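Colleague: The lines below spell out each chain.
There are 2 protein chains.
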Amino acid sequence: MARQPTLEFWYEFASAYSYLAASRIEAAAQEAGVAVRWRPFLLGPLFASQGWTTSPFNLYPAKGRNMWRDMERCAASQGLPPVTKPDPFPQNSLNAVRVAVYGQDQDWLVPFSKAVFATSYAGGKSIAEPAAVIAILDSLGLDGTQVLKAAALDANKTKLRVAIEEARSRGIYGAPTFLADDGELFWGNDRLEQALAWAAGDRPPGLR
Amino acid sequence: MARQPTLEFWYEFASAYSYLAASRIEAAAQEAGVAVRWRPFLLGPLFASQGWTTSPFNLYPAKGRNMWRDMERCAASQGLPPVTKPDPFPQNSLNAVRVAVYGQDQDWLVPFSKAVFATSYAGGKSIAEPAAVIAILDSLGLDGTQVLKAAALDANKTKLRVAIEEARSRGIYGAPTFLADDGELFWGNDRLEQALAWAAGDRPPGLR
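Protein chains in written order, with my numbering: chain W, 1 to 208; chain P, 1 to 208.
Rather than coming from a laboratory, the hints here were simulated on the basis of the structure.
All values reported here derive from a predicted model rather than from experimental measurement.
Every residue gets a Cβ at the ideal spot worked out from N, C-alpha and C, and that includes glycine.
Treat the hints with care, as some may be off.
[Stated by the list, open to error] A short list of chain P residues far from chain W (calculated; beta carbon distances all over 10 Å):
(1) Gln4
(2) Ala28
(3) Thr54
(4) Thr84
(5) Asp87
(6) Asp105
(7) Gln106
(8) Ala118
(9) Ala128
(10) Leu140
(11) Thr145
(12) Ala200
[To be verified] Below, in silico cross-link-like pairs of lysine-lysine (DSS-like), each with a Cα-Cα straight-line distance of 30 Å or less:
(13) W/Lys159 / P/Lys63
(14) P/Lys85 / P/Lys157
(15) W/Lys157 / P/Lys63
(16) P/Lys85 / W/Lys63
(17) P/Lys63 / W/Lys114
(18) P/Lys159 / W/Lys63
With the hints as constraints, model all of the structure from the sequences given.
Modeller: Below you can see the structure in the form of structure tokens.
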């Protein structure tokens, strides 16, 4: 039996469009017959390399204004609750991303990630403080305090640094990003369908 | 009889995704029952206000690399010829934009604009020099030399400046941008369908 094609989904809790992608990737991937590997990472270090000290949506106010309106429209189209803009935006996602990287390939990674996104973009609550991350873990039946402690150990910090360098070396510069088995890169929630089709072997005419 | 809804299509010849939008907006708008008003403008002054001296696709190399691959994929999906990357990119579009602004609401504006885009992104030829713009105009049966001369008069330069300020004041920060009759702004070729639906009165649930 042929191996099921896989799409890597690189996401960041501070990224609003990662939330939209996280909300719909499972159903879309199932329909396309593609497995998804969730890959949490931190955007901050990649943005810093580009000379950005915060989100481009903050750096460029006109772009930011339309982005939040676009989020409202897209969330409504996807049947999601009204979007709550995190305050401050972007949220410091370090604790949550560390936990997600610690949970890489664990069965709780996806529910945890979706809960963090919902807390931030639909619940209007902070995800920055340790207590916020612990509460989300606890709500999933995990020992939040214990998991956060393990996620803060040096071994896991290294794992996160390696993930960030992997992102950089594979050409990632924003989130969400989708990577097919052959390394083909698709950037942005708007490219989810193209990425799944590519992963499933369905290429645009004339392209390899 | 009710007035047909209109969508303004703000585009720039130096913008690669404006080319993709220009190639498909007529058919898509007809299907949606929406009239399109083509609005040529210059992005450079708006980028300069954001501190950019060139295209963001040049400023951020990883972003630029994926953008050209994305263009290849999207063009293939739209059934367009293989994309030729203008050299240099972006092309100096001042002469062509001046002519388009001069031709605002003339029946040759759309064929001229599509010909400029095709020359730049499918023909692999320059659109920067006066001679290039004249040749395109001539190929449409116009007197290219005469039109270019009229487009370079002060009155038309002022018309272009006013268009750029209108773009800025209406929240435009990139191209292509679509503006509905009520001022709702949609940025990017990926938003064409949403913009047409909005213009036709079809809003996402719960949104006004």
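Colleague: Verify this label for me: P/Asp105 is non-interface relative to chain W, using a Cβ-Cβ cutoff of 10 Å.
Modeller: holds (26 Å)
Colleague: With 10 Å as the threshold, tell me whether P/Gln4 passes as away from chain W on beta-carbon distances.
Modeller: Its Cβ never comes within 10 Å of chain W, the nearest being 23 Å, so this holds.
Colleague: Report holds if the minimum CB distance from P/Ala128 to chain W is greater than 10 Å, and violated otherwise.
Modeller: holds (27 Å)
Colleague: So is P/Thr84 really clear of chain W, every C-beta pair being over 10 Å apart?
Modeller: holds (14 Å)
Colleague: According to the definition I'm using, a residue is off the interface if its beta carbon is farther than 10 Å from all beta carbons of the partner; does P/Leu140 meet that for chain W?
Modeller: holds (29 Å)
Colleague: With a cut-off of 30 Å on the C-alpha distance, tell me whether W/Lys159 and P/Lys63 pass.
Modeller: holds (25 Å)
Colleague: Run the C-beta distances from P/Ala118 to all of chain W and say if the shortest one exceeds 10 Å.
Modeller: Holds, since 18 Å exceeds 10 Å.
Colleague: Please verify that the nearest CB of chain W lies beyond 10 Å from P/Asp87's CB.
Modeller: About 22 Å separates P/Asp87 from the closest Cβ of chain W, which puts it past 10 Å; holds.
Colleague: With a cut-off of 30 Å on the C-alpha distance, tell me whether P/Lys63 and W/Lys114 pass.
Modeller: holds (27 Å)
Colleague: Does P/Lys85 pair with P/Lys157 here, judged by a C-alpha cut-off of 30 Å?
Modeller: holds (28 Å)
Colleague: Just checking, P/Ala28 versus chain W, shortest CB gap more than 10 Å?
Modeller: holds (16 Å)
Colleague: Please settle this one: P/Ala200 was flagged as non-interface, so is its CB more than 10 Å from every CB on chain W?
Modeller: Check passes; 15 Å lies beyond 10 Å.
Of the numbered hints listed earlier, not one is contradicted by the structure.
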